[in-house]
Amino acid sequence: MAEFKEVAANASVGEKLLNWVDNRFPASKLYKEHMSEYYAPKNFNFWYIFGSLALLVLVIQIVTGIFLVMHYKPDANLAFASVEYIMRDVPWGWLIRYMHSTGASAFFIVVYLHMFRGMIYGSYRKPRELVWIFGCAIFLCLMAEAFMGYLLPWGQMSYWGAQVIVNLFSSVPFIGPDLALLIRGDYVVSDATLNRFFSFHVIAVPLVLLGLVVAHIIALHEVGSNNPDGVEIKAKKDALGRPLDGIPFHPYYTVHDIFGTSVFLIAFSAILFFAPEFGGYFLEYNNFIPADPLKTPAHIAPVWYFTPYYSMLRATTTELVYVFVGLIGLGAVLAIIKGRFPGIVKAAIAVAALIASALLLTFEPKFWGVVVMGGAVIIMFFLPWLDYAEAKSIRYRPGWHKVMYAIFVLVFMVLGFLGTQPPSPMGERVSQVGTLFYFGFFLLMPWWSRIGQCKPVPDRVVYHAH
Amino acid sequence: MKKLILVLLASLCLASQASASEGGVAWDKFPTAKMTDVASLQNGAKLFVNYCLNCHSASFMRYNRLRDLNLTEEQIKQNLMFTTEKVGETMKVALDPKQAKEWFGGTPPDLSVIARSRADISKGSGADYLYTYLRSYYRDDTKATGWNNLAFPSVGMPHVLWELQGQRKAKYVEEKDPHHEGKTIHRFAGFEQITPGQLTQVQYDDAVADLVGYMQWMGEPAQNHRVRLGVWVLIFLAVFTVIAWRLNAAYWKDVK
Numbered sequence: 102m103a104e105f106k107e108v109a110a111n112a113s114v115g116e117k118l119l120n121w122v123d124n125r126f127p128a129s130k131l132y133k134e135h136m137s138e139y140y141a142p143k144n145f146n147f148w149y150i151f152g153s154l155a156l157l158v159l160v161i162q163i164v165t166g167i168f169l170v171m172h173y174k175p176d177a178n179l180a181f182a183s184v185e186y187i188m189r190d191v192p193w194g195w196l197i198r199y200m201h202s203t204g205a206s207a208f209f210i211v212v213y214l215h216m217f218r219g220m221i222y223g224s225y226r227k228p229r230e231l232v233w234i235f236g237c238a239i240f241l242c243l244m245a246e247a248f249m250g251y252l253l254p255w256g257q258m259s260y261w262g263a264q265v266i267v268n269l270f271s272s273v274p275f276i277g278p279d280l281a282l283l284i285r286g287d288y289v290v291s292d293a294t295l296n297r298f299f300s301f302h303v304i305a306v307p308l309v310l311l312g313l314v315v316a317h318i319i320a321l322h323e324v325g326s327n328n329p330d331g332v333e334i335k336a337k338k339d340a341l342g343r344p345l346d347g348i349p350f351h352p353y354y355t356v357h358d359i360f361g362t363s364v365f366l367i368a369f370s371a372i373l374f375f376a377p378e379f380g381g382y383f384l385e386y387n388n389f390i391p392a393d394p395l396k397t398p399a400h401i402a403p404v405w406y407f408t409p410y411y412s413m414l415r416a417t418t419t420e421l422v423y424v425f426v427g428l429i430g431l432g433a434v435l436a437i438i439k440g441r442f443p444g445i446v447k448a449a450i451a452v453a454a455l456i457a458s459a460l461l462l463t464f465e466p467k468f469w470g471v472v473v474m475g476g477a478v479i480i481m482f483f484l485p486w487l488d489y490a491e492a493k494s495i496r497y498r499p500g501w502h503k504v505m506y507a508i509f510v511l512v513f514m515v516l517g518f519l520g521t522q523p524p525s526p527m528g529e530r531v532s533q534v535g536t537l538f539y540f541g542f543f544l545l546m547p548w549w550s551r552i553g554q555c556k557p558v559p560d561r562v563v564y565h566a567h
Numbered sequence: 012m013k014k015l016i017l018v019l020l021a022s023l024c025l026a027s028q029a030s031a032s033e034g035g036v037a038w039d040k041f042p043t044a045k046m047t048d049v050a051s052l053q054n055g056a057k058l059f060v061n062y063c064l065n066c067h068s069a070s071f072m073r074y075n076r077l078r079d080l081n082l083t084e085e086q087i088k089q090n091l092m093f094t095t096e097k098v099g100e101t102m103k104v105a106l107d108p109k110q111a112k113e114w115f116g117g118t119p120p121d122l123s124v125i126a127r128s129r130a131d132i133s134k135g136s137g138a139d140y141l142y143t144y145l146r147s148y149y150r151d152d153t154k155a156t157g158w159n160n161l162a163f164p165s166v167g168m169p170h171v172l173w174e175l176q177g178q179r180k181a182k183y184v185e186e187k188d189p190h191h192e193g194k195t196i197h198r199f200a201g202f203e204q205i206t207p208g209q210l211t212q213v214q215y216d217d218a219v220a221d222l223v224g225y226m227q228w229m230g231e232p233a234q235n236h237r238v239r240l241g242v243w244v245l246i247f248l249a250v251f252t253v254i255a256w257r258l259n260a261a262y263w264k265d266v267k
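In order, the protein sequence lines correspond to chains Y and B.
Each position in the first sequence, counted from 1, maps to that position plus 101 in this note's numbering.
Each position in the second sequence, counted from 1, maps to that position plus 11 in this note's numbering.
Since the hints were made in silico from the structure, they are not lab data.
This structure is a prediction, so every number in the text was calculated from the model and none was measured.
Where a beta carbon is used, it is the ideal one built from N, C-alpha and C, also for glycine.
Be careful, since some hints might not be right.
Derived coverage of chain Y by chain B (criterion: at least 3 residues anywhere in the stretch with Cβ under 8 Å from a Cβ of chain B; other residues may be distant) [unchecked claim]:
#1 317-330
#2 353-363
#3 370-383
#4 483-490
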């Protein structure tokens, strides 16, 4: 136990109170560790705003969510009407609801940009692997949160979107139908489903999400922030043990983030007040029709932030499964011929490839589509162990790596776009190529990230005074 | 690499073209100026309760919300309410859903948020659709109601506003199909007035625009307030951003 600290008898009431608290709870210590003496690199650029913005949007979602729950009715007969009640009869209800619906999309925009920042500056690499993993887990939670929240307004898209996605689980071999039944609580999406999704959306997932956000930040503050140069600022410290290229988070980055927040709120408010449906992308038009289990809409598309993954799901046809089998075969042959493994390992590779191919051909492509969709997110967790480039930051990596990342972003956006469109033969081909690129980008990274000459990384960060 | 980018970009263009060419007639543009014209919205409300509310409900819309259109409760009660409901009640309908199904082949949908639900990313707003739909009726003796609609083929609803518009029939011409040699296509070539209505074509279009404007407003009665408030919020944020920007600069000028 820490010693009891005393303050001078003539100290102010404030000092005495703080001392009283500090002797019982590490208030000053926490403030110093995470704010006033948390040294962040001084060369943060535009891309470093999205972490704080994600936290801001999380708070917006929680606070508006609390008020929405006061008026929303999780009941298949009342849900749609209760949302309209919020929009019309609850004072400022329309504002709260639009903040929540715009916030959902804003969350994904901010988080996608935050993740992209991590990718280009190598923020996932040693010693920040756990920061990255907690982040990926947050992303998974966010997807679950968004998916279940989308059912609650009980419109046609809510209903049929949930129906389609939950039905996917029934393609899992052996346990599929029972698993889907467990998720729905019924044989079709119904009141039971609405109630459990409501429970998950307002309490279960947010609890996990909050815990993960805390873990994400604790892990970050333990190892310190990365920066656009990928230089470890803790390597060069002054006499007092402060990083030479670091500055206290508070006040420097708090004022910085207030500015960033203000700019973000301009964009956020412009959408919220002038285009809350955002052309049918943030609030889908079909969702203004109450859920009707007897009327399937002609075209069911998830909300925009899920469409890249939805595209990959749709791209996984029998043909693509054959391509997977071919690629596995090719990989195994290369490993056996080129790899310097002992005979027993080579035999194991051959057996594993055979089993994988047999499984791919045994189960229906729909199931593998689900695996691809889930795998596209899960593969992110492994990023710290896939990247072998000499330099962390894209700034010092070979020029063609920049091209790779640019194509990756383009592919992700094209997949997203195709996911909003009705299926077409052309779209299917393009999304298959996109899916292969997406997975190739990650799975082949151990090889491609070594190719090319990295530029020398400086000892200190590059900073131009304002 | 460059080829790949080009192919992906080309696919984007192709895919969007494919979706744009799908289905139905193009929608006419709803004159959005109606949304800020209170007299038009009031006229729309009158048309709505007279012509639509007999079969369709607007069960999330309260009568007294019409006060937002500068009507007093007294005016609402005397001019816009035909049943003995209270002014705080929503626009319900007495029609029996079972009978409706027998008569029209389906229950007439609730119209509270109809304008919001009928928008289409590639075709236009819900108001555009309604504005086109209510002006696309024509006589068709092959249908049970005697009416058909260009924007909603084989629609169950008869032409409720026919007394205003009069009766029209659709003209079709046979044309050579440019894509298939020797085949012809059945192309729509305009309407032909059979009997005159109470309104001229221009007056009718204007009345429909009023009605659609009302339905658009009813879909989200707070929308005008929302936009007005948004302007103030953005002005505040613009000023605040300048302050935050200077505050940030004041702190950071010391960082070397």
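Status of the hints after comparison with the structure:
1. 317-330: violated (count 0)
2. 353-363: It holds, with 7 qualifying residues against the three required.
3. 370-383: holds (count 10)
4. 483-490: violated (count 0)
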